[in-house]
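I would like the entire structure built from these sequences, with the hints used as guidance.
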Amino acid sequence: MESTNNLKSADQIKVKRKKSDYIFTIVFSIVCLFWVYPLFMVLYNAFKKKAAIIPYPFDLPNSETFVGADNFVQAVSNSATGLGFFSALLTSLIITVLSVALILLCTSMCAYYVTRVKTWYTAIFYYLCLFSMIVPFQMIMYPLSIITDRLKLNNPINISIVYLGFGAGTALFMFTNFLKALPADIEEAAMIDGCGPVKTFFYVVMPIMKPTIISVGILETMWIWNDFLLPSLVLAKEYKTVPIVIQYFNAGRGQSEWGAIMASMVITITPIVILYFCMQKHIIKGVLSGAVKG
Amino acid sequence: MKRRIALLLASAMLLTSAVAGLASCKEGEGGSDSGKKGHVYYLNFKPEVDTQWQELAAKYTEETGIQVDVVTAANGKYEEKLTAEMAKEDAPTLFQVNGPTGLASWDEYCYDLTDSDVAKELSTDTFALKNSEGKVKGIAYATECFGIIVRKDLLEKAGHTLDEIKNFETLKTVVEDITARKDELGFSAFTTTALDSGNFWRMHTHLANLPLYYEFKADKVDADKDVPSIKGTYIDNYKQIFDLYLNNCTVEPSLTTGMTVDQARDEFVTGKAVFFQNGDWEYGNITKDDVLKDDQIAMIPIYIGVEGEENQGMCAGTENYWVVNGDSADEDIQATLDFMKWLVTSETGTTALADEMGFASPFKSAKAPKNYLDKFNNDSMAAGKEVVTWVFKAMPSEDYKNEVGSALAGYAAKMDDASWNVVKTAFVDGWASEYTKAHE
Amino acid sequence: MGKTLKKNPLYLLLFMAPTVAAFIVGFVYPFGMGIYLSLCKFKTMKHIDFVGFKNYLKLFEGGTDGERFIQSFWFTALFAVVSTIAINVLAFTVAVLLTKNFGGTNLFRTIFFMPNLLGGVLLGTIWKILINGILSVFKDSLINKGIYGFFGLLIVLLWQQIGYMMIIYVAGLQGVSEDLKEAARIDGASSKQVLFKVTIPLVMPSISMCTFLTITNGFKLFDQNIAMTAGLPNHETEMLALNIYNTFYGTRGQMGFGQAKAVVFFLIVGAIAILQLKITQSKEAD
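Chains A, B and C, in that order, are what the protein sequence lines are.
1 is the number of the first residue of the first sequence in the numbering used here; add one for each residue after it.
295 is the number of the first residue of the second sequence in the numbering used here; add one for each residue after it.
735 is the number of the first residue of the third sequence in the numbering used here; add one for each residue after it.
Keep in mind that a hint or two might mislead.
[What the hints assert, rightly or not] Output of the computed footprint for chain B on chain A, the stretches with three or more beta carbons under 8 Å from beta carbons of chain B:
(1) 50-57
(2) 137-147
(3) 231-244
(4) 252-262
[Said to hold, decoys possible] Computed Cβ-Cβ distance ranges for the label pairs, DEER-style:
(5) B:E383 <-> A:F277: 39 to 49 Å
(6) A:G194 <-> C:L888: 47 to 57 Å
(7) B:E546 <-> A:S29: 32 to 42 Å
(8) C:Y770 <-> B:K679: 52 to 62 Å
(9) B:D447 <-> A:F277: 46 to 56 Å
(10) B:E546 <-> C:K1017: 46 to 56 Å
(11) C:A1005 <-> B:G359: 55 to 65 Å
(12) B:G359 <-> A:S77: 22 to 32 Å
[Claimed, not checked] Cut-off 27 Å, straight-line C-alpha distance, at most; resulting in silico cross-link-like pairs (BS3-like, lysine-lysine):
(13) A:K118 <-> C:K1012
(14) B:K658 <-> B:K669
(15) B:K566 <-> A:K49
No lab work stands behind these hints: they were computed from the structure.
By construction, the Cβ of each residue, glycine as well, lies at the ideal position given by its N, Cα and C atoms.
Here you go:
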């Protein structure tokens, strides 16, 4: 009796779902069109001449305003060396990759220790990290620029230590949040099998943490890739990142090279979009394997 | 097993820090090497001439073997960058201040240039910036002038000539006639007043220069010294000209707060307006790619309705002063002074400043840049007209300018008495309160 | 596991030391120095004079500076609360819908996520152009009214953060087993009851994480603020970080005062954020 009822309702749901499926897909398609529009706007404005961008942002390029790749050429050839943009791209890439890798490795290990060893010093450190998330950068920027100068943390490799220090808060918070919910049973099983803490962490805990590692990785990548103020104050004078180079198109007295700005936006976003699409598969997979979390 | 992994990781970390340490060592050596000879580190203020500075620095290094680094701060981020850089070991040896107010902030760092070669190269003493003790601390390197740039061709098309405009009244007559026939003519009198955030400078400093100039003139105030307060004698004239801009520009006043100076320039270049308040630095922008030819443009003074203004000329002056960091090593200071001298005396230096960067520099051997707009300033000086000096550099702080600018934008949005009172308060009372804050 | 880790100090060194060392350099030292500077008067880093609590007193003795700070505090607080609620409700809703089984969910997730790829200044600039483009039809512009700025900033933040928060929620929702929900349904729970009694308590860790992230982001918002409205009109849309920033550079010799504001700001946000964390974490299901 009950089972037939169930079957019936399940059937009904199935039919109903098909209809709502359509509606959902349509509604979301429309919402998504609006959602990507601003990005699309940047893309097509990158092909328009400077004067046609700000007053008429909604107009697509036409025969009169289309300038081909001119804006892109201007964007990449602004510096005296002619390779300014590409060297900035390389600098940004080195900084981002190194810093994110360092943050993910160090803070995940740290978070593991903090959640599993409950003593006064891990508690203090955890709360200090939370505090650091709240501190406005403006408050620490001068002392930070001085200490990084004295310790020679002012090159693209060493700056990752600064990012690890300043970015530790968010990453640690997200990792501990995940690890707290992770039952220790699996680790203990691994221990019984003869794994030490290090091996357990890398072979057992880390794979489970994958979805969080990806989320944290994305967050940190976005922050570091787009960061302007920190590198501009901390890096030694011979290094420039992409956000720093882009700022030069915004000269004083209303001389903004909007075409070049749009083009460099496109150039900056593209690697990140590609990276995201590559990671996309892993994100979904990671999320599904995260079901252990329960 | 676990020990091995632990060891491996520990050694990997050691290696990383060793590499990092090595990188820093190498850099340290490089720094001390060039230190013996002395080097120059210029923190440039103008992003638009960054490329030109880099090229010029490379030429100097090639010629003399002295290393010159030029770093350009992003627009509006100069103070930030300077404050951070000055605290570093490798601090700028040469940087810039915008006048007496800027000098007061950095005075204790500034090397005394009174007896320097570059100071002796100045064509007139008025371009030496002195501190409160009368020592020369800053050297003006680019002088500029501003007024109202006119599309002569459009003005003639509207049936008017430049000669008609002699004071505020005649300017108003011409402007309002063009506005009345705006649709028929196909263009407006003024370009948009452009009051979006970050675009106030034409109104809160340049336009404000006129009421301030006349007030200081009447009260015999020296704008190169500290000015603790103002009276706002000519505030009504300020309103008068600002109203004229707002009521006769390409768009409704309430729209100007969403518009930028870039847009104003585009309107001017594409023939949507006759008048464009701006300076000679715009010459390169408006004639680029031969969009406008010299015979299409002219510059006239900004008239605000003060008695005797028929004899008024353009607003000419500077807010760009070089200062040398007195905290640098002696050999670096010497290298910097040599570099400055080279800039203003050598063929390469003077050519670059004039032709490539477009600066009119106040030095004896300076070249005149090819700038047609300067002709109007020179002509009016030759005709004995009164040059309106840049007194706005006496404004007590950046905050003061921003307050006035934001009040002007607020007024443009509503155009009522209440919002003009906000401008008045910001302009007059704000001066005294900002001065007190800066001097406490 | 904890015991084994604790036993050997080598593990402490290995797991904690790198982060702690970097944290001291990148945060603790500059932060301590920042607190010291808030008790000083200085124009540059060369001459720093200790003045005690003078900078703090200035904040509470009235005058426009103090008033503006308080005004921007309320604006920021209102903005942070509204944006936190809006972002989380919308992100959660989108996440719930996108864990359903209909065509294109993967693509939609990607699209919702994409605005995250831009930095704050660029985001602010793009939306300023867009909003001004729309408002100009009505002969108006973004900085004419404070309310425009508020909603403009809200839209930008929603656009930027919904996607990211949604991903966190999707991860949380995938962890809620279908069996549990099914069991609740069999027990006669309505779909609303399933959502509020089963799903939400189970994704509470995600909720507490997202609200913490959004509320701190809301309070610290700076890039978008300066790019879009720069506090206009008349400081109405000036948020705390921008207010502090303007104090730093607006008037010479006010940097110590700016540091003091930053400390007060930090204390306020710190208190709110920790409170929020305690509330949501207490609701987390074990």
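Against the range 22 to 32 Å, how does the distance between the Cβ atoms of B:G359 and A:S77 compare: consistent or not?
With Cβ atoms ~28 Å apart, the hint holds.
For the pair B:E546 and A:S29, does the Cβ-Cβ distance stay inside 32 to 42 Å?
holds (38 Å)
Verify the coverage statement for the segment 252-262 of chain A against chain B, using a C-beta to C-beta distance below 8 Å and requiring 3 or more qualifying residues.
With 6 residues close enough to chain B, the hint holds.
Assessment of proposed distance window 47 to 57 Å (beta carbons of A:G194, C:L888):
Given about 55 Å between the Cβ atoms, the range holds.
So does B:E546 sit 46 to 56 Å from C:K1017, Cβ to Cβ?
holds (52 Å)
Per-stretch coverage check for the segment 50-57 of chain A, three Cβ contacts closer than 8 Å to chain B:
holds (count 4)
B:K658 paired with B:K669 [C-alpha distance capped at 27 Å]:
With Cα atoms ~19 Å apart, B:K658 and B:K669 stay inside 27 Å; holds.
Take the C-beta atom of C:Y770 and the C-beta atom of B:K679, compute their distance, and say whether it sits inside 52 to 62 Å.
holds (56 Å)
Cβ separation of C:A1005 and B:G359, checked against the hinted range 55 to 65 Å
Distance hint for C:A1005, B:G359 holds at roughly 59 Å.
Would you say the segment 137-147 of chain A counts as covered by chain B, given the rule of at least 3 residues with C-beta under 8 Å?
holds (count 4)
Do three or more residues of the segment 231-244 of chain A come closer than 8 Å to chain B, measuring C-beta to C-beta?
Three-residue rule met by the segment 231-244 of chain A, so holds; n is 6.
Just to be careful, I want the Cα atoms of A:K118 and C:K1012 compared with a cutoff of 27 Å; is the pair within it?
holds (18 Å)
Consistency with the previously given hints is maintained throughout, with no hint failing.
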